[in-house]
Amino acid sequence: MSTNLSSKVMINDVTPVDIENGITTLIDIMNFLKLESNAVAIAVNNVVISKSSWPQHTLCDGDNINVFGAIAGG
Amino acid sequence: MNDVLAQGALRDSEFNRYSRQIMLNDWGEAGQLRLKNSRVVIVGCGGLGNVVASYLAGCGVGHLTLIDGDDVELSNLPRQLAFDIDSCGQNKADELMQRLYCQNDEVDIVIEPLSIDIDNVQQLLEQHNLVIDCTDNFSTRLLINDWCVTHQIPLMTAAVIGWQGQLLLVDPKMKDGCYQCLFDAPSDSEQSCSTMGVNPAMVGVVGSYQANQALRYLLQLSTPLANKVALIDGINMGVTLLTRQQNNQCTVCRPTLNQE
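Quick mapping for you: the protein sequence lines, in order, are chains A and B. Residues 9 to 82 (my numbering) make up the first sequence, in order. Residues 22 to 281 (my numbering) make up the second sequence, in order.
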């Protein structure tokens with residue numbers, strides 16, 4: 009019997025990402041998504057994580073990640 | 022909160038006009054007096070500003086200042102419902118004021134038909150107890166946020182693009198960060214209605230949320246936005262509330278915190 013032991017996070021409720029193979033922190037997620045950081049915010053399990061903490065914030069199996077960009081329209 | 026905002030008395034015409042909201046248990050005569058004695062400035066009189074100003078004037082917020090240097094254009098009409106074809110070429114703040122006075126001539130409205138900038142921001146925003154950001158570019162949003170944090174004036178800010186909206190309150194009583202804690206250096210070249218497009222109905226949805234939460238704040242009722250940002254999804258009809266945190270490297274609100 010085979011067992012799937014990979015750890016995954018879910019991005020914006022639709023995109024599962026395997027948090028192995030070099031993706032372990034929020035800054036890795038930004039690099040994976042190829043996003044510029046100045047106009048993007050990230051929340052993990054419904055709590056926004058300050059940009060200064062992205063390099064140290066380690067992802068856990070099952071984390072729900074919201075990535076959202078700044079919008080300006082009024 | 023300052024109880025002086027609930028002082029004074031309502032006229033008979035005001036009791037009659039606002040009767041359906043005064044009858045709400047958590048609104049009442051005291052709440053109506055708070056609105057009557059409030060001074061609110063709305064920066065940007067486009068889509069969001071149309072909606073927010075119409076509800077705040079209609080509900081009896083005593084003083085509104087409307088700021089916008091732009092003229093109405095034909096492409097504004099699908100979502101800026103206070104304007105009509107005859108408004109095109111006229112200043113938005115002026116046109117909106119005239120519409121609001123038709124709706125409610127018992128409120129005081131001042132217009133500033135100009136663009137807000139570093140040189141006039143103090144003069145335009147001071148003497149108000151709530152600032153509402155309905156602007157359409159990041160540089161103005163960051164300027165308003167900076168001024169409000171520095172002067173400890175609450176800021177209700179919203180934005181809309183495509184089928185999405187965002188809404189948050191920067192409350193000086195809370196220490197959960199400001200607009201710049203979320204987005205520190207967005208570019209004006211991206212994510213505006215003129216470059217990305219917008220569903221006109223979403224402007225109404227987001228503007229209504231913004232007006233609703235502004236009224237709750239003025240009424241001194243609870244709002245989740247003081248420490249959260251709301252992401253409003255017009256595709257799946259969802260609102261996601263995310264808890265905000267102060268960015269300890271924020272150049273706007275960290276200096277204020279460090280002075281305490």
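To be clear, the hints were calculated from the coordinates, so they are not data collected in a lab. Note that CB positions come from ideal geometry on N, CA and C, so glycine has one too. A few of these clues could be false.
[Unchecked claim] Residues of chain B placed beyond 10 angstroms of chain A at every Cβ, according to the derived structure:
hint	residue
1	40
2	130
3	196
4	252
5	268
[To be verified] Straight-line C-alpha distance at most 30 angstroms; calculated DSBU-like pairs for lysine-lysine:
hint	chain 1	residue 1	chain 2	residue 2
6	A	42	A	16
7	B	194	A	16
8	A	42	B	249
9	B	196	B	249
10	B	249	B	194
Right, here's what the structure says about each hint:
No beta-carbon of chain A is positioned within 10 angstroms of the beta-carbon of residue 40 of chain B; the least distance is around 32 angstroms. For residue 130 of chain B, the requirement that its beta carbon stay farther than 10 angstroms from each beta carbon of chain A is met, with the minimum near 19 angstroms. Residue placement check: residue 196 of chain B keeps its beta carbon more than 10 angstroms from all beta carbons of chain A (closest about 13 angstroms). With a minimum CB-CB distance of about 6 angstroms to chain A, residue 252 of chain B fails to clear the 10 angstroms threshold, and the non-interface call is violated.
A beta-carbon of chain A comes within 10 angstroms of the beta-carbon of residue 268 of chain B; the shortest separation is about 4 angstroms. A threshold of 30 angstroms between alpha carbons decides the hint, and for residue 42 of chain A with residue 16 of chain A the separation of about 19 angstroms falls inside it, so the pair holds. Between residue 194 of chain B and residue 16 of chain A, the direct Cα distance comes to roughly 38 angstroms. Violation of the 30 angstroms bound is thereby established for this hinted pair. For the proposed pair residue 42 of chain A and residue 249 of chain B, the alpha carbon gap of about 26 angstroms is at most 30 angstroms, so the pair holds.
With a C-alpha separation of about 11 angstroms, the suggested pair residue 196 of chain B and residue 249 of chain B falls inside the 30 angstroms cut-off, and the hint holds. Taking the CA atoms of residue 249 of chain B and residue 194 of chain B, the gap is near 14 angstroms; set against the 30 angstroms cutoff, the hint holds.
Of the numbered hints given earlier, the model fails hints 4, 5 and 7; all others are met.
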